[in-house]
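A.B. asks: Chains as they are written, first to last, in full-length UniProt numbering: chain V, 1 to 304; chain C, 1 to 281; chain H, 1 to 260.
Treat the hints with care, as some may be off.
[What the hints assert, rightly or not] Quick list of in silico lysine-lysine cross-link-like pairs, BS3-like style, CA-CA up to 27 Å: (1) H:K34 / H:K208; (2) H:K78 / H:K99; (3) V:K233 / C:K193; (4) C:K193 / H:K99; (5) C:K193 / H:K78; (6) C:K89 / C:K208; (7) H:K99 / H:K134; (8) V:K299 / V:K233; (9) H:K134 / C:K193; (10) H:K229 / H:K34; (11) V:K192 / V:K233; (12) V:K233 / V:K218; (13) V:K192 / C:K208; (14) H:K208 / H:K229; (15) H:K26 / H:K208; (16) H:K229 / H:K124; (17) C:K193 / H:K124; (18) V:K2 / V:K299.
[What the hints assert, rightly or not] According to the in silico footprint, chain C covers these stretches of chain H (three or more CB under 8 Å from chain C): (19) 102 to 116; (20) 204 to 215.
[Said to hold, decoys possible] Here are some of the chain H residues that sit facing chain C, going by a computed Cβ distance under 10 Å: (21) R53; (22) A56; (23) A57; (24) L58; (25) Y92; (26) R95; (27) F131; (28) G133; (29) W137; (30) L139; (31) G141; (32) R151; (33) A152; (34) F155.
Just so you know, the hints here were simulated from the structure itself, not pulled from any lab data. On a predicted model such as this, the values are computed, not experimentally measured, just so you know. For every residue, glycine included, the Cβ atom is placed at its ideal position computed from N, Cα and C.
In case you want the letters, here they are:
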Amino acid sequence: MKSVLAVLTVLAAIVAIWYAACVPMNIKGVLTDLERAGAQVVPEGAVARRDRGAFGLVAKNSFAISATWAQERPRLPAPHQVAVELWQTTVMKKITSKRSLVFHAWVTLSATLMGFAIGTGLGILLAVGIVHSRVMDMSVMPWAIVSQTIPIIALAPMIIVVLYSIGVQGILPKAIISAYLSFFPVVVGMVKGLRSPDAMQIDLLKTYNASPAQGFWKLRLPSSMPYLFASLKIGIASSLVGAIVAELPTGAVAGLGARLLAGSYYGQTIQIWSALFAAAILASVLVGLLGVIQRITLKRMGMA
Amino acid sequence: MIEVILALILWAFGWWVNVRLAEGPMARTRAVRLAVPVIFGITVLLVWELLVRGLNVPMVILPAPSLIVTRFVTSLPVLWVDFRQTILKGALSGYVIGCGAALLVAVLVDRSDFLRRGLLPVGNLVAALPIIGTAPILVMWFGFDWQSKAAVVVVSVFFPMLVNTVAGLAQTSAMQRDLMRTYAAGYWQSFFKLRLPAAMPFIFNGLKISSTLALIGAIVAEFFGSPTMGMGFRISTSVGQLALDMVWAEIVVAALAGTAFYGILAAMERAVTFWHPSQRG
Amino acid sequence: MTTTVIEASGLELTFQTSDGPVHALKDVNLQIEKGDFVSFIGPSGCGKTTFLRVMAALEQPTGGSITVNGMTPEEARKNRAYGYVFQAAGLYPWRTIAKNIKLPLEIMGYSRADQDARVEAVLKLVDLEGFGGKYPWQLSGGMQQRASIARALAFDADILLMDEPFGALDEIVRDHLNEQLLQLWARTEKTIGFVTHSIPEAVYLSTKIVVMSPRPGRITDVIESPLPKERPLEIRDTPEFIEIAHRVREGLRAGHSYDE
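Can you make the complete structure from the sequences, with help from the hints?
C.D. replies: Following this line, the structure appears as structure tokens:
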């Protein structure tokens, strides 16, 4: 209960800071607009204001403060402007419309989920291989760990273009990028998890003369679950980033990444912010969903 | 065709050598532990080279490693300019500012239980978000040059670093805190003598996670606008010109920079947290 | 002549839990004289550790009064009246043994030269000469616990409070450390409060044995030991020793409620 109050306080503080930040960020643009509309602003003329500090301008033109929260193309849109845009482009639009954020989110989400499924599946398979084969462990594992330290997302534009040139288009190239971004965290986490049973537990199974397969199903796999879920959460977040970045280089017209890029071309800041929030909501829903599945699974297994 | 067969033979041979090494009596030695992944890596490169030549894979799909090396060596000046722009200016300055700010905020937050309860869930949530999406906004605010890239890096590393540091500062056991109380130690005394050293493994974990995020942020932010240099810029323009050897050369730079960055941090971690069970080995 | 170091009268401590109040200490009266070796013994939940923590101002009593050296425990702590030894050694893994012993000295602002001299002296006292440069994790459990005792002795507290310090160690190491602790006590003339759940340990070490019982935590018997100050390990086989041990066991049994 105390924590809920604390979180709400922090959120309220963030919103308050955000509103306050809008004033100096947008004041110059607002004053230009107001002057054009015939209002009296101090000092007159955009050139005279250019080198003035934002706070000084706010102090001299305090009547303009409310206008900084209602600009059409602000440098920093106010929270309610983003909320209204989100509402209008989700609930108020048909989801088949090109202007519906639900449509764009779905385009990105489908690539994310497809890639995540592929990456996770292959990752688990490789982890099982690594745990059971010394050669694979020693050959592949160091490279899997190194891959975590390098920005492999830089490969994304090339993969898109190469696949395009051999005729693969649509969801698959994005899914491939999502897949390899979630692949490595899952491999590393799953290997750690499959190795987590301690020597005593393994020795116990040896005294039962259990086969390696029995050891895997009855001990290694169950004990790897907490590790698997931890890396799945990292994996799905990277998958989403991958799908968004994959939409940038080809000038894709659909998807959250495309919305971001289009917004930045045309200076539609409110559109950028609402796409950003849509991506954030999507990410937290996905991670939250995995958290729920984790809790249910671990509870069923008696581990939580 | 001969190259393809050669590639298959080479693959089998490389694997056979590794099996011998990994199953052999020397498997636990340092040399073998190092040799096996290196042999694997070299085998992959050679097979790649042979297959690309044997199957006549066009350069616009997959350039051979030899071609990438040639491009790398002949383009060193360009690569250096890009490296300086993206890694040294964008990523590194953003990393230092972001991690430094997160450390300071963590120390402030740590004094208040209320703030910690409030900020930790929010920070954990934000740390999992696709922060890279702020790139178009920050490019709009800070211009095309490296400052906007540094800003993206600051935003991406801040929360992971904050969450790790706050969690680390809460790592001490009740007994350790009681001990400090029996000495009537003040807040800053127990901070510097107990809580900060105990938090070091977590702080380094945050620093290591952030190092990768910094590179990703700096490179991807350039896809949203940049001056005519930088690794992200070079990658996106070279992709457009189908100069894939140049793209791969930049990726080699990114890989080297990433591993070096991480390696330096890991070495510092070993020096500072030598006492931690995970480092005693 | 004797001076009273710790005096508790009508001491009470009640924890509020979700299952209702728990009386950790109820109507506890005790006097500890200077130079006493006092053991607190009883089953778990009898409040012996809580009592020790109250003396160290790590818990606040909810009733009654307690003084340490004539002051409140809080003031006594600020005057560095006592050193505290916990169940586990609790040495900082990032500091060497010598630096661990210096920790309280740094906090209390001793000079560099004084710190070094004291570390040397207490390392000798607990038989750890030459181990100052080692890290805690390079030492055995018994040696770590000895280092933690050295840490509590490093500053000039004349009271040593020990909460089951040897509980996690094996019998052989424990015997050895008990013997050393007695020698140390004889040499330093400190007042020691010692929590244990081992009857032989309590009888072997103490001049005064405080038997406690749970629900509510209270003192059921205080036994003044007639054993001489000089105690070889073999004393544990003498009739006098067995006699006292018997009385302690009777006290524990009487105070023990069998309703659980």
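A.B. asks: Taking the hints in turn, state whether each one holds.
C.D. replies: Here is what the structure says about each hint:
Simply put, K34 of chain H and K208 of chain H have alpha-carbon atoms about 12 Å apart, close enough for the 27 Å limit, and the pair holds. Restraint check: the Cα-Cα separation between K78 of chain H and K99 of chain H comes to about 22 Å, which is no more than 27 Å; the hinted pair holds. Annotation: proposed proximity of K233 of chain V to K193 of chain C is violated, straight-line Cα distance about 35 Å (limit 27 Å). For the hint pairing K193 of chain C with K99 of chain H, the CA-to-CA distance comes to about 11 Å; that is within 27 Å, so the pair holds.
Between the alpha carbons of K193 of chain C and K78 of chain H the distance comes to roughly 18 Å, so the proposed pair stays at or under 27 Å and holds. A C-alpha spacing of about 19 Å is found between K89 of chain C and K208 of chain C, which places the hinted pair at or below 27 Å, so the restraint holds. For the hint pairing K99 of chain H with K134 of chain H, the CA-to-CA distance comes to about 10 Å; that is within 27 Å, so the pair holds. Simply put, K299 of chain V and K233 of chain V have alpha-carbon atoms about 18 Å apart, close enough for the 27 Å limit, and the pair holds.
Between K134 of chain H and K193 of chain C, the direct Cα distance comes to roughly 19 Å. Compliance with the 27 Å bound is thereby established for this hinted pair. Our distance criterion of 27 Å between C-alpha atoms is met by K229 of chain H and K34 of chain H, whose separation comes to about 15 Å. For the suggested pair K192 of chain V and K233 of chain V, the alpha carbons sit about 15 Å apart, so the restraint of at most 27 Å is met. For the hint pairing K233 of chain V with K218 of chain V, the CA-to-CA distance comes to about 24 Å; that is within 27 Å, so the pair holds.
For the given pair, K192 of chain V sits about 18 Å from K208 of chain C by alpha-carbon distance, which is consistent with the 27 Å threshold. At most 27 Å may separate the alpha-carbon atoms for a hinted pair to count; K208 of chain H and K229 of chain H meet this at roughly 12 Å. Proposed proximity of K26 of chain H and K208 of chain H is supported: the alpha carbons are some 20 Å apart, at most 27 Å. A C-alpha spacing of about 22 Å is found between K229 of chain H and K124 of chain H, which places the hinted pair at or below 27 Å, so the restraint holds.
Distance check on the hinted pair: K193 of chain C and K124 of chain H sit about 25 Å apart at the alpha-carbon level, within 27 Å; holds. Note on K2 of chain V and K299 of chain V: the hinted pairing holds, with a Cα-Cα distance of about 26 Å set against a maximum of 27 Å. Coverage of the segment 102 to 116 of chain H by chain C holds [criterion: at least 3 residues with CB-CB distance below 8 Å; count 5]. Evaluation of the coverage hint for the segment 204 to 215 of chain H: breached, as 0 residues show C-beta separations to chain C shorter than 8 Å, against a requirement of three.
About 8 Å separates the beta-carbon of R53 of chain H from the nearest beta-carbon of chain C, less than 10 Å, and the hint is met. With its C-beta approaching chain C no nearer than about 6 Å, A56 of chain H sits inside the 10 Å limit, and its interface hint holds. Contact between A57 of chain H and chain C, as hinted, is supported at the beta carbon level, the nearest pair being about 8 Å apart and thus within 10 Å. For L58 of chain H, the interface hint holds, since its Cβ comes within 10 Å of a Cβ in chain C; the closest pair sits about 5 Å apart.
With a least beta-carbon distance of about 7 Å to chain C, the hint placing Y92 of chain H at the interface is held under the 10 Å criterion. With a least beta-carbon distance of about 8 Å to chain C, the hint placing R95 of chain H at the interface is held under the 10 Å criterion. Restraint check, F131 of chain H versus chain C: the minimum CB separation of about 16 Å is more than 10 Å; hint violated. The beta carbon of G133 of chain H comes no nearer than 14 Å to any beta carbon in chain C, farther than 10 Å, and the hint placing it at the interface is violated.
Taking 10 Å as the C-beta cut-off, the interface hint given for W137 of chain H holds, the closest approach to chain C being about 7 Å. For the restraint placing L139 of chain H at the interface with chain C, the shortest Cβ-Cβ distance is roughly 13 Å, beyond the 10 Å limit, so the hint is violated. Taken as an interface hint, G141 of chain H does not check out: its beta carbon lies about 15 Å from the nearest beta carbon of chain C, beyond 10 Å. Because the smallest distance between the Cβ of R151 of chain H and any Cβ of chain C comes to about 9 Å, under 10 Å, the interface hint for this residue holds.
Because the smallest distance between the Cβ of A152 of chain H and any Cβ of chain C comes to about 9 Å, under 10 Å, the interface hint for this residue holds. At a threshold of 10 Å, the smallest CB-CB gap from F155 of chain H to chain C is about 8 Å, leaving the interface hint in force.
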